[in-house]
Each structure stands twice: as structure tokens, then as C-alpha cells.
Amino acid sequence: MSKEAGQTDGHPRRDLILELIKIAIPLVTLVFGYYIWTNQTDIKARVDSNQEALKTQLAFQSALREEFYKRRLSRYEDACRELAATEAALNNAGGTIDNEIQALDVIAKFDQLNKSNTLYWSSGLQNGLDQFWALGVEKLKDRKWDDQDVNDRISREIAELHEQMKNDLNVADLATLMKQTK
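Using my numbering, read the sequence shown as starting at 1 and increasing by one per residue.
Hints may contain errors.
Computed Cβ-Cβ distance ranges for the label pairs, DEER-style [said to hold, decoys possible]:
1) Lys109 to Asp149: 23 to 33 Å
2) Asn91 to Asp168: 44 to 54 Å
3) Asp142 to Lys109: 12 to 22 Å
4) Ser123 to Asn39: 44 to 54 Å
5) Glu163 to Glu52: 41 to 51 Å
6) Trp37 to Glu77: 32 to 42 Å
7) Gln131 to Lys44: 24 to 34 Å
Calculated pairs, DSSO-like style, for lysine-lysine (alpha carbon to alpha carbon, straight line, at most 30 Å) [what the hints assert, rightly or not]:
8) Lys44 to Lys70
9) Lys70 to Lys55
10) Lys115 to Lys44
11) Lys115 to Lys141
12) Lys115 to Lys144
13) Lys166 to Lys70
14) Lys109 to Lys144
15) Lys70 to Lys115
16) Lys22 to Lys44
17) Lys44 to Lys55
18) Lys109 to Lys166
To be clear, the hints were calculated from the coordinates, so they are not data collected in a lab. Heads up, the beta-carbon is just placed ideally off N, CA and C, and yes, glycines get one too.
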């Protein structure tokens with residue numbers, strides 16, 4: 001006897017298993033596909049959430065960096081003014097007792113500016129400001145009004161401080177800072 005197409009060999013159990021497999025494969029595929037789809041959706045939602053959190057964090061860091069740079073610039077401007085005032089007061093200190101008192105007041109004010117802004121100073125600038133203050137105190141304490149060596153060291157220190165500030169506030173650094181925040 002020949003078997004027709006679609007007929008089985010007459011084993012009902014085998015026929016039932018084949019029919020169940022034919023039904024089960026699409027169902028398993030459907031369930032597995034649904035499982036993959038829900039996992040992809042969850043992963044996408046988490047990625048989107050993390051991406052949004054990262055954007056928020058980067059925007060916050062950018063704003064914080066910008067605010068820090070603005071404050072640093074302001075403090076450096078204050079330091080330049082105080083350096084000029086302190087140098088002038090130190091140069092005038094040898095004339096009268098009033099000039100000496102004014103120089104002491106100015107050097108104390110300079111010290112306060114230095115100590116209250118350490119967050120904004122680079123380590124190189126901090127060291128230079130400390131050195132400048134020490135030179136000013138040495139000139140006042142030892143009353144070295146006409147000591148050319150002390151005056152020259154003070155002038156060199158001021159030049160180095162201005163150079164350090166320029167380096168710290170370098171526009172190239174600002175460009176790098178802005179690239180990091182984008």
C-alpha cells in the first residue's frame with residue numbers, strides 16, 4: 001500500500017506527537033519572542049533613563065565648572081588688585097609711621113584674601129602668594145625699606161604671580177573645559 005501525502009504511517013501516538021509539535025513550535029516561538037520583546041523594551045527604557053540621568057549630570061557639571069571658573073576669575077582679579085595695593089603700600093612704608101601702619105593693614109588684608117580663597121588658587125599660585133606675603137612681612141618686620149634685594153625679590157614674585165594667574169586662566173584651558181562639558 002502506498003501512503004498518500006500528509007498521511008502518517010498509522011501510529012496514532014506518533015501522529016499526535018507530530019501534531020502537538022506543529023502546534024507547540026509556533027506557540028513557543030510566540031512566547032519566546034514576547035519574552036525577548038519585553039526584555040528589549042525594559043533594557044531600552046533603562047538605557048533611556050540612564051542616558052537622561054547622564055545628560056542631567058553633565059549639564060550640572062558644566063554649570064558647576066562654569067560657575068567655578070567665573071568665581072576663580074573674580075578671585076584672581078581681586079588678587080591682582082591686592083598685589084598692586086600691597087606693593088604700593090610696601091614701597092611707601094619707609095616714609096612715616098602712618099605708612100608703616102597702612103602697609104601692615106594692607107599685608108594683613110592680603111593675607112586674609114589669600115587664606116579665604118584657597119579653593120580657587122592653583123597650587124602654584126598658592127605657593128607664590130604665600131611667598132609674596134612672606135617677603136612683605138620680612139620687609140616690614142626687618143624694616144628693610146631700601147633693601148634692593150628684597151625689593152627685587154618682591155618685584156620678581158609679583159611678575160611670577162601674574163604669569164601664574166595668566167597660565168591658570170589660559171583661554172586654551174577654557175576651551176578644553178567647554179569641550180569637556182558638551
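Against the structure, the hints come out as follows:
1. Judged by the Cβ atoms, the range 23 to 33 Å given for Lys109 and Asp149 holds: they are separated by roughly 25 Å.
2. Look at Asn91 against Asp168: about 26 Å separates their beta carbons, and that is not inside 44 to 54 Å.
3. With their beta carbons about 21 Å apart, Asp142 and Lys109 fall inside the hinted range of 12 to 22 Å.
4. Checked against the hint of 44 to 54 Å, the pair Ser123 and Asn39 passes, with Cβ atoms roughly 51 Å apart.
5. At about 44 Å, the beta-carbon gap between Glu163 and Glu52 stays in the expected band of 41 to 51 Å.
6. Checked against the given bound of 32 to 42 Å, the beta carbons of Trp37 and Glu77, roughly 60 Å apart, lie outside it.
7. About 58 Å separates the C-beta atoms of Gln131 and Lys44, a value inconsistent with the hinted range of 24 to 34 Å.
8. Between Lys44 and Lys70 the CA atoms are separated by roughly 39 Å; this puts the pair beyond 30 Å, and the hint is violated.
9. The hinted pair formed by Lys70 and Lys55 meets the criterion: a straight-line CA distance of about 22 Å does not exceed 30 Å.
10. Only pairs whose Cα atoms come within 30 Å are accepted, and Lys115 paired with Lys44 is rejected, the gap being roughly 50 Å.
11. About 21 Å separates the Cα atoms of Lys115 and Lys141, which keeps this hinted pair within 30 Å; it holds.
12. For the hint linking Lys115 to Lys144, the alpha-carbon distance of about 25 Å falls within 30 Å, and the restraint holds.
13. Restraint check for Lys166 and Lys70: the C-alpha separation of about 14 Å stays at or below 30 Å, so the hint holds.
14. Only pairs whose Cα atoms come within 30 Å are accepted, and Lys109 paired with Lys144 is accepted, the gap being roughly 20 Å.
15. Taking the CA atoms of Lys70 and Lys115, the gap is about 19 Å. The hint holds against a cut of 30 Å.
16. Only pairs whose Cα atoms come within 30 Å are accepted, and Lys22 paired with Lys44 is rejected, the gap being roughly 33 Å.
17. The suggested pairing of Lys44 with Lys55 holds, with an alpha-carbon distance near 16 Å, which does not exceed 30 Å.
18. A threshold of 30 Å between alpha carbons decides the hint, and for Lys109 with Lys166 the separation of about 23 Å falls inside it, so the pair holds.
This entry does not satisfy hints 2, 6, 7, 8, 10 and 16, going by the numbered hints stated previously.
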